[in-house]
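Each chain is listed here by its residues.
Number of protein chains: 2
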Amino acid sequence: MNLRMDVPVEKWAEQVRAGDIGAISRAISAVESRSPASEKLLQILFPATGNAYQIGITGAPGTGKSTLVDCLTGLYRDEKQTVGILAVDPSSPFTGGAILGDRVRMQSHAADPEVYVRSIATRGHLGGLAEAVGDAALLLDAAGKDIILIETVGVGQSEVDVARLADCNVVVLMPGQGDQIQNLKAGVMEIGDIFVLNKSDYEGAAHYEQQIRATLELAPDRNGWKPPLVCTVATENKGIEDLKRNINIFRERFSDAPGRELREIGRWKERILRALQARLMERAMHVLGANELDALAVEIAARKKDPSSAIDEIIARVLP
Amino acid sequence: MNLRMDVPVEKWAEQVRAGDIGAISRAISAVESRSPASEKLLQILFPATGNAYQIGITGAPGTGKSTLVDCLTGLYRDEKQTVGILAVDPSSPFTGGAILGDRVRMQSHAADPEVYVRSIATRGHLGGLAEAVGDAALLLDAAGKDIILIETVGVGQSEVDVARLADCNVVVLMPGQGDQIQNLKAGVMEIGDIFVLNKSDYEGAAHYEQQIRATLELAPDRNGWKPPLVCTVATENKGIEDLKRNINIFRERFSDAPGRELREIGRWKERILRALQARLMERAMHVLGANELDALAVEIAARKKDPSSAIDEIIARVLP
Numbered sequence: 000m001n002l003r004m005d006v007p008v009e010k011w012a013e014q015v016r017a018g019d020i021g022a023i024s025r026a027i028s029a030v031e032s033r034s035p036a037s038e039k040l041l042q043i044l045f046p047a048t049g050n051a052y053q054i055g056i057t058g059a060p061g062t063g064k065s066t067l068v069d070c071l072t073g074l075y076r077d078e079k080q081t082v083g084i085l086a087v088d089p090s091s092p093f094t095g096g097a098i099l100g101d102r103v104r105m106q107s108h109a110a111d112p113e114v115y116v117r118s119i120a121t122r123g124h125l126g127g128l129a130e131a132v133g134d135a136a137l138l139l140d141a142a143g144k145d146i147i148l149i150e151t152v153g154v155g156q157s158e159v160d161v162a163r164l165a166d167c168n169v170v171v172l173m174p175g176q177g178d179q180i181q182n183l184k185a186g187v188m189e190i191g192d193i194f195v196l197n198k199s200d201y202e203g204a205a206h207y208e209q210q211i212r213a214t215l216e217l218a219p220d221r222n223g224w225k226p227p228l229v230c231t232v233a234t235e236n237k238g239i240e241d242l243k244r245n246i247n248i249f250r251e252r253f254s255d256a257p258g259r260e261l262r263e264i265g266r267w268k269e270r271i272l273r274a275l276q277a278r279l280m281e282r283a284m285h286v287l288g289a290n291e292l293d294a295l296a297v298e299i300a301a302r303k304k305d306p307s308s309a310i311d312e313i314i315a316r317v318l319p
Numbered sequence: 000m001n002l003r004m005d006v007p008v009e010k011w012a013e014q015v016r017a018g019d020i021g022a023i024s025r026a027i028s029a030v031e032s033r034s035p036a037s038e039k040l041l042q043i044l045f046p047a048t049g050n051a052y053q054i055g056i057t058g059a060p061g062t063g064k065s066t067l068v069d070c071l072t073g074l075y076r077d078e079k080q081t082v083g084i085l086a087v088d089p090s091s092p093f094t095g096g097a098i099l100g101d102r103v104r105m106q107s108h109a110a111d112p113e114v115y116v117r118s119i120a121t122r123g124h125l126g127g128l129a130e131a132v133g134d135a136a137l138l139l140d141a142a143g144k145d146i147i148l149i150e151t152v153g154v155g156q157s158e159v160d161v162a163r164l165a166d167c168n169v170v171v172l173m174p175g176q177g178d179q180i181q182n183l184k185a186g187v188m189e190i191g192d193i194f195v196l197n198k199s200d201y202e203g204a205a206h207y208e209q210q211i212r213a214t215l216e217l218a219p220d221r222n223g224w225k226p227p228l229v230c231t232v233a234t235e236n237k238g239i240e241d242l243k244r245n246i247n248i249f250r251e252r253f254s255d256a257p258g259r260e261l262r263e264i265g266r267w268k269e270r271i272l273r274a275l276q277a278r279l280m281e282r283a284m285h286v287l288g289a290n291e292l293d294a295l296a297v298e299i300a301a302r303k304k305d306p307s308s309a310i311d312e313i314i315a316r317v318l319p
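Chains as they are written, first to last, in numbering that gives the first Met the number 0: chain A, 0 to 319; chain B, 0 to 319.
If you're looking for bench data, these hints aren't it; they were derived computationally from the structure.
Among the clues, some could well be false.
Treat identical chains as interchangeable: a pair holds within one or across any two.
[Unchecked claim] Here are the simulated BS3-like cross-link-like pairs (lysine-lysine), alpha carbons at most 30 Å apart as the crow flies:
1. K10 with K303
2. K268 with K237
3. K39 with K304
4. K303 with K268
5. K304 with K237
6. K303 with K39
7. K268 with K304
Using the sequences provided together with the hints, build the complete structure.
This is the structure in structure tokens:
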């Protein structure tokens, strides 16, 4: 039943390295549940990572991200590149939220052993989602995938955290959603290296395109990169070559430059801090317990204890 | 120069209790910078808190929050209630971001010693804003203010955290901003106890009002409370009585009920967890140091060290 216990971790790591789909799937499950074995596994596999190129595909539900991911996968497969897909969007056909027609369509690479598709549940620990997705990407990287596509909705902090893990972030928009321009300004703009206007054959798309271009004009220059806008009609496979070309330009632009290294170092710093925070809070809650937290809050609300003394007491116990 | 050092904390606390404006201002500054004296001060004053009613006024820049705050203050002063105003909105006239005309207008209570106005800077520590605002509100509470108005923009997590501190949350909208309906759905809806459509004399306001009402209809029932919508024209002082009446209804509705206590206990739990997280991360960064964090990230990016070993090492040092 528990296959993980039957295989020594070293053997399991070897299977992942060899691209064994069952081993990879069990490894990602272990990472999702943060089992002790998964840590050991990641430690063994870590030196074998750093070769895959991670592309984030972020956009509101209904923008057609999954179809874009599907089309991009086809183009990378034409070049014999191996692809791993991680879907964090709860409305994604990969994660089973969409209508049947979509789900069937997304099976187009199901028979291809060089395309690994996996959904990552959004349920779970504080900030743990980005950690789980980051670790799953490391596993696919170690398994030899050349390209890793990470599909996210990009609302909420945890999704933005996920998107920031990628080497290149593609933000997908569609015409006729005024609030998307707002989102663009609010925070998604900062994470987008490339913008896509999908469903660009819709009525009024030209007007919308202009709005986006105007907004992008205002984007701060990042190491000399101005995020381009690519118009696509993913359902007709239109514009995908252009998108891939832009991803390649971005990749080459930052491949040798110290920019890429700085970007990766910055990402690791964020990951360390996030993991540290999660672990410290876990420890604190373990020491404290939910009942005691409740009891303290009741005492404070009744003015029987002041909050800073309460926190001092907790800190003293957690950090002796 | 450093007045805090000249006065013993007990004396300082007495001055705050007596409503001494200089002492209150220095206390809030101490709370903003989290000086050790501020903790002692809060400890002394805490038993004297719990009497003020905190009202959050949240809305996008330009919705007229500050004018509403000004009008509400006038009504409370008519009843001889003392008022404290904390402005967290960087675009608020209180904090100096608005045009001169606004700033002059907001001085309408400047000569009234029973109205204390203070801006809280949004710069600063991770999640520390909500803590600073919460502590500043405690100080005004201890200083005997009957009503505390907390003005925030309500975008971003830290502002939402601030809004959640209040006993009653008023969310301010204005006609003609489609994305506001979107925000309403996204998260502001959850924090609003009362909704205000300000500038309700604008063209198209009726249509917008209908949209909001339809959206509010879908709001989940919270302990039997359905958030009402109040139409105002703050610049003409219209609808403010109605707003105050609704705040009173909400206040009475939850004053005796265990609902209020549960709400307050829940808030203290959140505050404990937030403070705990901030303190633990502070301690960790103190042990680790920014240079070492940088060095670790560089090592990880170069695959010389794996991230989980790095985190284990840090945890072992922070939590011996």
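K303 and K268: within-copy, between-copy, both or neither at 30 Å Cα: This pair counts as between: shortest inter-copy Cα distance 15 Å, intra-copy 41 Å.
Homo-oligomer pair classification [K304, K268; C-alpha up to 30 Å]: between (37 Å within a copy, 13 Å between copies)
Intra/inter-copy verdict for K10 and K303 if alpha-carbon distance must be at most 30 Å: Intra 57 Å, inter 22 Å, cutoff 30 Å: inter-copy only.
30 Å Cα threshold - placement of K237 relative to K268: Neither. Shortest intra-copy (38 Å) and inter-copy (52 Å) distances fail the 30 Å Cα cut-off.
Homo-oligomer pair classification [K237, K304; C-alpha up to 30 Å]: neither (65 Å within a copy, 43 Å between copies)
Homomeric proximity label, K39 with K304: Cα distance no greater than 30 Å: between (43 Å within a copy, 13 Å between copies)
Status of K39 relative to K303 across identical chains (alpha carbons, at most 30 Å): between (46 Å within a copy, 16 Å between copies)
Hint compliance for this structure: hints 2 and 5 are not met, and every other hint is.
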